[in-house]
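J.: Protein chains in written order, with the working numbering: chain A, 1 to 339; chain B, 1 to 162; chain C, 1 to 104.
Note that these hints are calculated values from the structure, not bench results. Treat the hints with care, since some could be wrong.
[What the hints assert, rightly or not] Going by beta-carbon spacing under 8 Å, a handful of chain A positions derived as facing chain B:
id	residue
1	V146
2	L149
3	R157
[What the hints assert, rightly or not] Derived CB-CB ranges, DEER-like:
id	chain 1	residue 1	chain 2	residue 2	range
4	A	T125	B	I87	47 to 55 Å
5	A	T125	C	N83	27 to 35 Å
6	C	T8	A	R221	35 to 43 Å
7	C	Q35	B	R46	47 to 55 Å
Quantities reported herein were computed from a predicted structural model and do not represent experimental measurements. Cβ atoms here follow ideal geometry from the backbone N, Cα and C, with glycine treated the same way.
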Amino acid sequence: MSDELARKLSNDLKAELNREVASVRMEMEQIRDLVQDAIVRLTDSFGGMRDQSNRQLALVTTLTSSMEGNSDQEEAQEGEDAVKRINIRSFVSETDQILRTFVDHIILVSRQSMEMVHRVDELATQMNEVSSLLKDINAIAELTNVLSLNARIVAARAGSSGAAFSVVAGEVRKLSKNSHEFSDKIGAVVGSAKTNIHAAKNIIEVMASKDMSFAIESKGRVDEMMEEVSDIDRYTSETIAQVSGIADELNQSVGNAVMSLQFEDMVSQLSASMERKFAVIEQFAEVIGIDQLTDESQPMAERVEKLQESLNMQIQSFDEVDRQAVQQSSMDEGDIELF
Amino acid sequence: MLVSTFTLGELYLGIDIILVREINRSMECTPVPGSQDYIRGMLNIRGRVISLFDLKRRLGWSEDEVSDSTIKQYNVIMKTRAEVMKINPELATARCPWEDPVGLAVDQLGDVREIVDDNILPPPANLRGIAADFVHGVVEFEQNLLIIIDVAMVLGLDKHNQ
Amino acid sequence: MSGTISVTREESETVINIKGRFNFEMHSQFRAAYQEDTGGDKKGRRFVINLAGTEYIDSSALGMLLLLREEAGTNESDIEITNARPEIQKILETANFQRLFKIS
Numbered sequence: 001m002s003d004e005l006a007r008k009l010s011n012d013l014k015a016e017l018n019r020e021v022a023s024v025r026m027e028m029e030q031i032r033d034l035v036q037d038a039i040v041r042l043t044d045s046f047g048g049m050r051d052q053s054n055r056q057l058a059l060v061t062t063l064t065s066s067m068e069g070n071s072d073q074e075e076a077q078e079g080e081d082a083v084k085r086i087n088i089r090s091f092v093s094e095t096d097q098i099l100r101t102f103v104d105h106i107i108l109v110s111r112q113s114m115e116m117v118h119r120v121d122e123l124a125t126q127m128n129e130v131s132s133l134l135k136d137i138n139a140i141a142e143l144t145n146v147l148s149l150n151a152r153i154v155a156a157r158a159g160s161s162g163a164a165f166s167v168v169a170g171e172v173r174k175l176s177k178n179s180h181e182f183s184d185k186i187g188a189v190v191g192s193a194k195t196n197i198h199a200a201k202n203i204i205e206v207m208a209s210k211d212m213s214f215a216i217e218s219k220g221r222v223d224e225m226m227e228e229v230s231d232i233d234r235y236t237s238e239t240i241a242q243v244s245g246i247a248d249e250l251n252q253s254v255g256n257a258v259m260s261l262q263f264e265d266m267v268s269q270l271s272a273s274m275e276r277k278f279a280v281i282e283q284f285a286e287v288i289g290i291d292q293l294t295d296e297s298q299p300m301a302e303r304v305e306k307l308q309e310s311l312n313m314q315i316q317s318f319d320e321v322d323r324q325a326v327q328q329s330s331m332d333e334g335d336i337e338l339f
Numbered sequence: 001m002l003v004s005t006f007t008l009g010e011l012y013l014g015i016d017i018i019l020v021r022e023i024n025r026s027m028e029c030t031p032v033p034g035s036q037d038y039i040r041g042m043l044n045i046r047g048r049v050i051s052l053f054d055l056k057r058r059l060g061w062s063e064d065e066v067s068d069s070t071i072k073q074y075n076v077i078m079k080t081r082a083e084v085m086k087i088n089p090e091l092a093t094a095r096c097p098w099e100d101p102v103g104l105a106v107d108q109l110g111d112v113r114e115i116v117d118d119n120i121l122p123p124p125a126n127l128r129g130i131a132a133d134f135v136h137g138v139v140e141f142e143q144n145l146l147i148i149i150d151v152a153m154v155l156g157l158d159k160h161n162q
Numbered sequence: 001m002s003g004t005i006s007v008t009r010e011e012s013e014t015v016i017n018i019k020g021r022f023n024f025e026m027h028s029q030f031r032a033a034y035q036e037d038t039g040g041d042k043k044g045r046r047f048v049i050n051l052a053g054t055e056y057i058d059s060s061a062l063g064m065l066l067l068l069r070e071e072a073g074t075n076e077s078d079i080e081i082t083n084a085r086p087e088i089q090k091i092l093e094t095a096n097f098q099r100l101f102k103i104s
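Using the sequences and the hints, build the whole thing.
T.: What follows is the structure, given as structure tokens:
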């Protein structure tokens, strides 16, 4: 009866030990799962953080390069397909260029206008020469007229014999009159040419005469803008350099954090080790029993020796498992440092 | 008859061409001190000395009208009685009493006009700028009235008193 | 209201003094001031444009100066613009005249 009781107690003890080991093992597995889960998520989010930081840095770098007034040649080389990077500096310098072109154009127009005025003045002088030549022609016509009248006076004295001469004199007078009319007409044309020349000169004056103060003012404004842009550029460059530095540091920190998360391996190694240790403990529980001590069919000394042997084996097995775990953990620790 | 025409201001005047010796552009003349105001001065044409009458002053025009057009004028030089006599003694006797060379200063020269004697009318009453005494007769021409002047009267010689 | 021009001529130098407003109305005077010293075999003569008394210039004045340079023989020409007041100096600079004339 006592044997039977002892066997039952021994079985109960084993069962309880198994139950507790199982419970601890389950919690240990939960810890392992939780840690693994957390590590996966942390790794993911640190990875995301690193990506975002890298993108941020890339954006800032693009911004910096576009702020650093890329030269015209560079832009030309980029071709039409390249995204045209507009910056304030190139905008201002283009404005300056446009202003320069505009001023050059005005001066060119003025120069040509003044040359035109010289030609027009020469034309006016020539017109005056025509007028004075017309006066000479008129003087001749007038003399011819007087001459023809005198001829007719002489013809009249000769009576009918002078009739033919009188006719000729009349014709000469007509010619003189025609000549006078023609020179009057030419004079009228010359007169209107002079009016036109005068009008043309007025138009040229408007074309040639531009007040230059606008150019000075605009130039001053552009120069001011240039300076302001330089200030802004300088400040922006500084700020961007700082931002870029911070991004680098952030990247470094994220890298460190991600590296630190490699302890997951250790956790799984430790839990594997614990698993093995549980197995050893369970095996021990299977091997050892109170009933062995109370089994009176065997001599007492033999029972104790047997138990002692079991204990020794257990110690040996456990130490073996433990040694493996220690070996592994130290090796892995080295790996992490290297990583 | 043939009439040599010219203008004097707005007036269209004519003289029998037989009485005219020559026509010249106005030239320098030497004033004669103490003479009538209508004697502009003495002309020397090819050695002949001629008394030049300022026709406007002779017709009694105002000083404004006179000085207005003295710049570019012509001189109508008359034949002398002796010269006309050689060509047309009848005319010389009737209308050319002056013996010395004289000239009239006029504005613009006109043409030589052929006039039928029958068309010559007595001067109308409303003639302006010239006294009827100085007018031999008038002829109507299109828009113009040609006034043929009585040179003897203009020169201050009454042919009937001659 | 325009300016006046006076000229002093020496052996190999013509000094053109411009007083008052140097604008379009001055073109005949200005051209007359240099015309007899330019063209033909006159190349290489020195011109001094003295702006000591100049109060104002506009684009037509700039045009006239360019024409003088051209008529004096463009590249061989020796033209100096002197005594311009600061506003006028600025206009000359904006017009890039320092590349074409001696400005002092």
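J.: Would the hint on A/V146 stand, with a C-beta cut-off of 8 Å toward chain B?
T.: Given a least distance of 6 Å, the restraint on A/V146 holds.
J.: Taking the closest Cβ pair, is A/L149 under 8 Å from chain B?
T.: Status holds, d = 5 Å.
J.: The hint names A/R157 as touching chain B; please verify it with the least Cβ-Cβ distance against 8 Å.
T.: Since chain B brings a Cβ to about 5 Å from A/R157, closer than 8 Å, the hint holds.
J.: Confirm or reject the claim that A/T125 and B/I87 have a C-beta distance inside 47 to 55 Å.
T.: Distance hint for A/T125, B/I87 holds at roughly 53 Å.
J.: Evaluate the given range 47 to 55 Å for the C-beta pair formed by C/Q35 and B/R46.
T.: The hinted range 47 to 55 Å holds for C/Q35 and B/R46, with Cβ atoms some 49 Å apart.
J.: The hint says 35 to 43 Å between C/T8 and A/R221; measuring C-beta to C-beta, is that right?
T.: holds, 40 Å
J.: Note whether the CB distance of A/T125 and C/N83 lies within 27 to 35 Å or breaks it.
T.: Check passed, 33 Å falls within 27 to 35 Å.
Violated hints are absent here; each numbered hint is respected by the structure.
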